[in-house]
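In order, the protein sequences belong to chains A and B. Quick note: the first sequence, position 20, residue 20 per this note's numbering, numbers continuous. Quick note: the second sequence, position 303, residue 303 per this note's numbering, numbers continuous.
Rather than coming from a laboratory, the hints here were simulated on the basis of the structure. Small disclaimer: the values here were computed from a predicted structure and weren't measured. Quick reminder that beta carbons are idealized off the backbone N, C-alpha and C, glycines included. You can take every hint at face value.
Here's a subset of chain A near chain B, in silico, CB distances under 10 Å, partners left out:
#1 Ser134
#2 Pro135
#3 Ala138
#4 Arg139
#5 Leu140
#6 Thr154
#7 Gly155
#8 Pro156
#9 Gly158
#10 Ala159
#11 Ser161
#12 Ala162
#13 Arg163
Taking lysine-lysine and the DSBU-like style, the derived pairs with C-alpha atoms no more than 30 Å apart in a straight line are:
#14 Lys278/B <-> Lys149/A
#15 Lys271/A <-> Lys297/A
#16 Lys312/A <-> Lys65/A
#17 Lys149/A <-> Lys17/A
#18 Lys318/A <-> Lys237/A
#19 Lys278/B <-> Lys65/A
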Amino acid sequence: MAEFVMPSLGADMGEGKLVAWRKKPGDAIRRGEIIAEVETDKAAVDVECHINGVIERFLVEPGQKVPVGTVLALIRTAAEKESSLPVPPAPAAMLTEKPTPAAPVKAPAISPTAPAPTAYRPQITAAESRLRISPYAARLAAELGLSLKGMAGTGPGGAISARDVAAAASSKQSGTGSAVIPAIEADTPHVRMRRAIAASMSRSKREIPHYYLSQAIDFTTALDWVTSENGKLPVEKRMIHAVLLLKATALALREVPELNALWEDGRSVQKENIHVGAAISLRGGGLIAPALHDTDKADLAELMQRFRDLVKRGRAGKLKSSEMTDPTITVTSLGDQGVDSLFGVIYPPQVAIVGFGAPMERPWVRDGKTALRRVITATLSGDHRVTDGHQGARLLVAIDRILQEPEKLR
Amino acid sequence: MKMTYREAVREGLRHVLKSDPRVFLMGEDVGRYGGAFAVSKGLLAEFGPDRIRDTPLSESTFTGAGIGAAIGGMRPIVEIMTVNFSMLALDQIVNSAAALRHMSGGQISVPLVVRMATGGGRQLAAQHSHSLEGWYAHVPGIKVLAPATPNDARGMLVAAIEDPDPVFIFEHATLYPVEGEVDDPFQPVDISRSTIRRAGTDVSIFAYGGSLGKALQASDDLTTAGISAEVVDIRVLRPLDEATILESVSRTHRVVVVDEMWRTGSFAGEISALIMEKAFYDLDAPVVRVCSAEVPMPYAKHMEAAALPQTANIVAAAQEILGRHG
Chain A
1 MAEFVMPSLG ADMGEGKLVA WRKKPGDAIR RGEIIAEVET DKAAVDVECH
51 INGVIERFLV EPGQKVPVGT VLALIRTAAE KESSLPVPPA PAAMLTEKPT
101 PAAPVKAPAI SPTAPAPTAY RPQITAAESR LRISPYAARL AAELGLSLKG
151 MAGTGPGGAI SARDVAAAAS SKQSGTGSAV IPAIEADTPH VRMRRAIAAS
201 MSRSKREIPH YYLSQAIDFT TALDWVTSEN GKLPVEKRMI HAVLLLKATA
251 LALREVPELN ALWEDGRSVQ KENIHVGAAI SLRGGGLIAP ALHDTDKADL
301 AELMQRFRDL VKRGRAGKLK SSEMTDPTIT VTSLGDQGVD SLFGVIYPPQ
351 VAIVGFGAPM ERPWVRDGKT ALRRVITATL SGDHRVTDGH QGARLLVAID
401 RILQEPEKLR
Chain B
1 MKMTYREAVR EGLRHVLKSD PRVFLMGEDV GRYGGAFAVS KGLLAEFGPD
51 RIRDTPLSES TFTGAGIGAA IGGMRPIVEI MTVNFSMLAL DQIVNSAAAL
101 RHMSGGQISV PLVVRMATGG GRQLAAQHSH SLEGWYAHVP GIKVLAPATP
151 NDARGMLVAA IEDPDPVFIF EHATLYPVEG EVDDPFQPVD ISRSTIRRAG
201 TDVSIFAYGG SLGKALQASD DLTTAGISAE VVDIRVLRPL DEATILESVS
251 RTHRVVVVDE MWRTGSFAGE ISALIMEKAF YDLDAPVVRV CSAEVPMPYA
301 KHMEAAALPQ TANIVAAAQE ILGRHG
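Go ahead and model the full structure; you've got the sequences and the hints to work with.
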């Protein structure tokens, strides 16, 4: 029996609220299909199932808030035969039902062919076996969404201490770190969002040694090209220049793949696919950076359409779980605000973030002459544990080169 | 500038005697003998018998006279030789000094300062060696100070004189010959706040008065074992500066409280309970108290040492709650 657990939809997520099930017990489900809707501190997310099979039973009711890793549903995989699965009574029923008294019942004959009851154990909670844990460690574990199951205690009398929780957190691949954030009284979505951002950004600044590079790029050719292309397109298909920046960054990453990586288990793991996370600011504050899958492979028209869709769904709180977890790098742009440049804070476990300022008219020397050009500043914040300025510079130079030939971007 | 704790108290007395003609000092042997601990030596010659007054062996009477003088507009400083003898004046202190402002609806204030020696470690046995400041810290209406350094001893005395309510200053008797740096020029010390004497990250050691030096020594010893111990000087027992204590706990998550009182009903118990009430979810290990053994203080040197909290006990307690044994 496969377990479907509350997924971690980002390094800053400790728990999630199950909003609704999208399937029923008995339904067949395929990998990639939406099984549930989950609300995190940042967004409402359609969670995709990663198992092929038939839904056996749900263990969590809609409306419940549970830590990451909590088993939400049991799924019978294709390999398991239906007949071998006697449905165990619900644990709640076992507790409330009184044993039927007296009436002697014949013990059922044990048939050697009868299938052994499948060992399905409900989730073990702390209440079932007395756990020695310090209050601070318990609080940390809850904040980090860590299960206490099997955690070794090194505190006084073998109690689990904060040190043990930190060790468990760092050994767990999701590595939510030891971000400790002060409790905030009001629990509004806005407060939760700020808290989530506070946790991930504090962790980033604490753990990641950032280096910063910037490159002024003559963006005139690209902007002119966008204008002329848009002239040929119906309004609903027109592009914004940000899409060029996303695509150019993705193509440049093919040349400098070291920056398309995630920090996992204390080392950098280079990723095959380039999923650029597009930073989207939300109304009422906060931001998210969901993935544009395979950014380098999509043409501009498709990217524009997907980007528009992502912004719309992101702001409506309707993102898919894979979009929340897949980004391999983030691109952030404050172009519409008019700042020259911005230096981003890396979103863990990513190892780099690319930032673009607004295109500004600048005197620019070209072929020995001063001309008025529209210039955009690209920046890179890189994880110095993973790369050096050398690779970072190669990426920015590649972005510059790619943007000079916008017609090739399609 | 360096001076001994004894000199610092004397400097504080001299400062307030000079700056306010309403101030006078009274107590057993404070005049001709120069004080049981030689604190007021020379003051009689300098300020005369009107302002440095010897009293009979009658703690209740001269403490009560101090209260009356304070109500009458003077600024008396009453010296009680040791805290053990102050039991005789307890009625005056608890029923009069502490209560009068409240009972008079704010019409009567008692600007009295009472100084007394406290603590063991000098082979003076049970009737001269106990630490009972926590009893006084129980009483609302008074302030209770426990300076551990010459600078605090001098600066707190001056702040106490400026306070409109009764202030009790407990001077650990082993501290008088201890030398320390004092502010030059002189400044009063805030008598509402504790202070962090050494910053650390692994464990907070709360101590005051005669135990502060042992806590700092323990912190040194723990450093060599790779443990970073924060040392917080409680120094104001009432009103207790809860914020400094709770902030320290929120940083280190582990607590050792050192207190020369007997463990049962000790002031360390109050600090421990405060942490339990307000910082429970910051605790990574039980709070440990290092207090005196529950016996009348022995005379024999080795037995007295065994009865009092010592550096080694503090180190062991810290190692215990850190799960590391030295």
